[in-house]
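Read top to bottom, the protein sequences are chains A and B.
Here the first sequence is numbered in the numbering used here, starting from 1 and rising by one per residue.
Here the second sequence is numbered in the numbering used here, starting from 1 and rising by one per residue.
No lab work stands behind these hints: they were computed from the structure.
Ideal placement from N, C-alpha and C gives every residue a C-beta, glycine not left out.
Hints may be right or wrong, so weigh each one.
[As the list claims (entries may be wrong)] Ranges of calculated distance between the beta carbons of each label pair, as one might list FRET restraints:
hint, chain 1, residue 1, chain 2, residue 2, range
1, B, S1134, A, L51, 46 to 56 Å
2, A, A139, B, I924, 20 to 30 Å
3, B, R498, A, F61, 49 to 59 Å
4, B, S899, A, F61, 27 to 37 Å
5, B, S800, A, M79, 53 to 63 Å
6, B, S832, A, Y38, 16 to 26 Å
In case you want the letters, here they are:
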Amino acid sequence: MAFTFAAFCYMLALLLTAALIFFAIWHIIAFDELKTDYKNPIDQCNTLNPLVLPEYLIHAFFCVMFLCASEWLTLGLNMPLLGYHIWSSPQIFLGVLIVSVSRYMTRPVMSVPGLYDPTTIMNADILAYCQKEGWCKLAFYLLSFFYYLYGMIYVLVSS
Amino acid sequence: MQQPLSSGHGASLPNSSTAPGRHQQVPSKAPLRSTAGHCDFITYQNSYQVPVQNIIRPVCPTSLDNTQGSGQTYSTLSMDSSLIAPRGPNMITATPVQSFVDTSQQASYITEHYPSQVPYIVPSQSTTQVLSTHSASINHAYPGFSYQPTSVFNTQHNAPLNLQNLHFATSQPLFNAMSCQTKILPKSEQEHPPASFQPYHAGNTGTSWQPLARTSVKKPAGFTTKPVALSSTARSDMSAGFPFSMPHQIKPSYSPSMTNVAKPPVSVAPLAQWLPPSTERLTSATASPASASKVQDGVDSSSSSSSSTNASLPNNYDSLEGGSNQDLSSSVTEARAPFDPSSLMTTKQSGDVHPNLQPVYLKPSSKVNHLSSSMKGLFFQNKQQAEARKQINLLQERNILPPVPIQCPQSNLSPELRNLNCSPDLFRCTLMNVPQTQALLNKVKLPFGLLLHPFRDLTHLPVITSSTIVRCQSCRTYINPFVSFFDQRRWKCNLCYRVNDVPEEFMYNPLTHSYGEPHKRPEVQTATVEFIASSDYMLRPPQPAVYLFVFDVSHNAMESGYLNICCQSLLENVDKLPGDSRTKIGFITFDNTLHFFNLQEGLSQPQMLIVSEIEDIFIPTPDSLMVNLHESKELVKDLLKMLPAMFTGTRETNSALGPALQAAFKLMSTTGGRISVFQTQRPSIGVGQLFSREDPKQQSTIKGLQHLGPATDFYKKFALDCSSQQVAVDLFLLSGQYCDLASLACMSKYSAGSVFYYPSFHHIHNPTQVEKFQKDLKRYLIRKIGFEAVLRIRCTKGLSIHTFHGNFFVRSTDLLSLANINPDSGFAVQISIEESLSESSVVCFQAALLYTSSKGERRIRVHTLSLPVVNSVAAVYTGADVQAITCLLATMAVDRSISSSLSDARDALVNAVVDSLSAYRSTISNLQKSVLVAPNSLRLFALYILALLKQEAFGTGLSIRLDERVFSMCEMKTRPFVHLILMIHPHLYRIDHLSDEGSITVGDKTIPQPPIIQLSAENLSQDGAFLMDCFSVMYLWIGKNCTNSFSNEVLGFSNWDSVPQNLDRLPELNTLLSRRVTSFVSWLQDSRPFLSILRVVKDDAPFKANFFQRFVEDRAEFALSYYEFLLHIQQHISK
């Protein structure tokens, strides 16, 4: 039993995923508040937008870690979400490469990083989409949390 | 097949310009018709047409009354101010609301012309009348008025006139004088009945001919089945419940004369020449059968025994709905053309054929036997058959446009409820019969949404002052006419179905001074009311009216000369700015620096403070820049006089709009109010700087068209900041070059402002724009304004709001934040059905607008709309309001073109037609593949969508500049639908031989009412003069061979050649024709808040292209003709 780099990656991912779970819960609560009229969309967007990039960065960060640790299966499991984030992320994050990607194209013209535009967020379709996204991410992070736990123990035990 | 058709149908421009005489055209059209086996037709057709006409006209009036009815209702309420006078605990006062135009002239006009409307109003009133005594008295009054217009008999266009009147009336103040006169009425009514009721009679006669069958159907079926039925029910109500059952009495005697009347309209169209003979024939022909049937109807107007009688009554109403006549006839697809209201024109075109009775019979023989039987009054039809009859074969039906404005279709609601409903001008739904489930809605493939115009200028509106505003405890719905009362003490909310207690105060009715009759309170009597709100409805003390004007004074701006005009207009109207003693005003000018003006009371002259630091804006003297208008009025006037001269000869070409806006926001943020920005070029320095994005190469391909969205989010963020501080920004863009309106407009879009755009404005070179700017500005300055407003739209449980369209900030799922609200902004809302509505038979929508008036009062204006729920596809189609659908689709398409692309939006529009028509088609069995059918309610759908595709916003023409396109899109989103539909599909009139027949009387003026002509250039003739009303522009087209008398008598020039190109107004000449034309044109102008520019178009005039572009039925450079468009749709459907 040795403390390998892979084990370290899993531990780190475990902690970071816990953070992401909180992000997802925050996201869900925020949109629920919007829907039930407790919050002003401007305020809500101002609180949500700063969280978008950190979430993406954290996720991308441990994906890179897994890459370095050659945990191909784990990396593979994370690729869809990474792809989704890249696809939906703002220009600042990915530079000009992604300009042609459609979600970026539909991102409102904004001078700050983030995805949510207070003038369109109340559209029923967008609201429903964002809520669904929140729940899906929460489920994904929860599952991956337990998977990382399992992966960490497995790595520790097997090595 | 396409070739011949297109030649006839969509005459290309060249043809149109040299439009051949009507007779010549006939041959070309003939081939088209032939498919329907028209050969025999022609004779029949003509003969038949007259009856059709009869039907048609009545239709309009009746429908009018329905549509306008609600509007009238409340106006009447307020009219009896004595009744509403403050009494007891609750004070209820009737307050006249500012009308569009407050000129005394109009006022007088209203009173005068009102009589003619009266007949129509009566029915609607009758239902309401049950409720309260005062309303009853009103009803009486109306009849009295009705007698006045004896001349009506002879007039041709009665029906259209009335329609117009009503239209107008809603926006006009009604006078108490009317009520005074009314008392006399009852007796006179019996004496003179014919005159007043003429419209109905006409309908009866027409109906009596053929439609008996339908009536029979409807009566038994009950109202639920058809929207049409409502009118009939209303009528029957009248007869039954109303003391003056005028219709019945009048009818029998009057019918013959009616027929006479009816005919003229038919002939009215271009071919007045052969009218006389036709009329004679008609009279003889129609008189006998029609009168007979009519008499019966009149006698037992109620839905009683004999099938024939029953039938006739309902028929009227059906027909009234609008196009119902077509429905009747439409059972046979081929036969339709003749029946159509617009068929008038067809007959004319077809030639000199004289109308002979038979068309009805003809069709039956050709196809449907039951029709003929119906004629004899023998047969009953079941509901489904009636529905089926409503199909219209678009490819066959050439003239689908009725000669009078279309009215909103009627819902299946019971007449009592329907008459309580909010006026369709204020609040309407695209589907007047609401589908029960989302699945049903998906099946129908029509957009479901609301269009509202919540702050429209109303003539009268009940204003209620009460310490407690009664609302539902759980959903906060305001009490409205559609709630139900239990045992006087409790009421059930019609939106969430909670049972609430009736407060003690509400038990007292100040109108009748009675206690224990909560259901007779004005809140429960009218669907549009205004409450004076208590302090519970304030977050802070009501703000004063605050106006800040921001002027561009760069070189470019001074060149255009707008500032002079603007200051002049402000000087004239500074006293009329809405407000009270607290009103504040301020001015900022900017080029590459900012100039503030200290107007503090006590100064001898205004002080100009220049701030050249535009990176980090500060306000030099925060207290003295926004000043009390009344205390500093002299200084303000001085400044306005000095301002234009102050910057003449400036060499500064840069424009620091962004910093100026930031400064303006800082000045306003403590109070809220209105910022009016006048901008003449692209902002070039400081924040909010914009770059040219217009690329001439891109314009050429619709696919490559970009930049419809903003380039920067500065203006959006600015607008959101403004919105949160209750500041609205109105933008006046006066510019020759590209200004990136797509970015600039954001400042108004999200702060609930408005955008005005004057392309190539120049004080010398472009007098028409100058005139328009002046008039717009005047209206803008003195129109009503509400501050710190919110608009909440509630709907019955199970429905939810999907998307809002308009200028505002959406603060919550059902709440719009409007920093300012003005009477010229409209809103659209898409609705989705979340749960099945099977529990309820009726759904309600309530729009509540909470605002601070310019007098510092907090007020709530509440509009309630109630609609029936239906579970059959057919019923949904019958209730489809094609105008509302078109307007809603337009706003949706604007969104689509910004978020996706213009070509996507165009495809979506076409698909909307294809989907709905193919969905409709799938509900009908055994149709031939080549037949393109539409329900009667949607017969104009394809036409409107085609017109939409040819709008500047969605058009493919190379010449449309980006700013103009964007502006057109802004208009689509914010114009009230009444105006928008006219912009989309203009009205064309022939005005070179206007006659007084069918005219309406306004004040001492007689307003002729020419029929509306289809928008095809082939309807133009070189020997006529035509007026096209496109809402913002009116084109006067003068044919080459137009008689010299026209140019002489109307335009004041000896002949056609000497009429100048740039004539922008009609002279007032002392000739009969001139009086008629000018009164008609000014009447049209008065019916809208903003002036329309008048442009004379001759063959060589520069506006010729613009003019002919509006002929939506014709083929244009990159656009299909109407017929081609239909073929295109048909291809899609049959795929």
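ask   = So which of the earlier hints does this model not fit?
value = 2, 5
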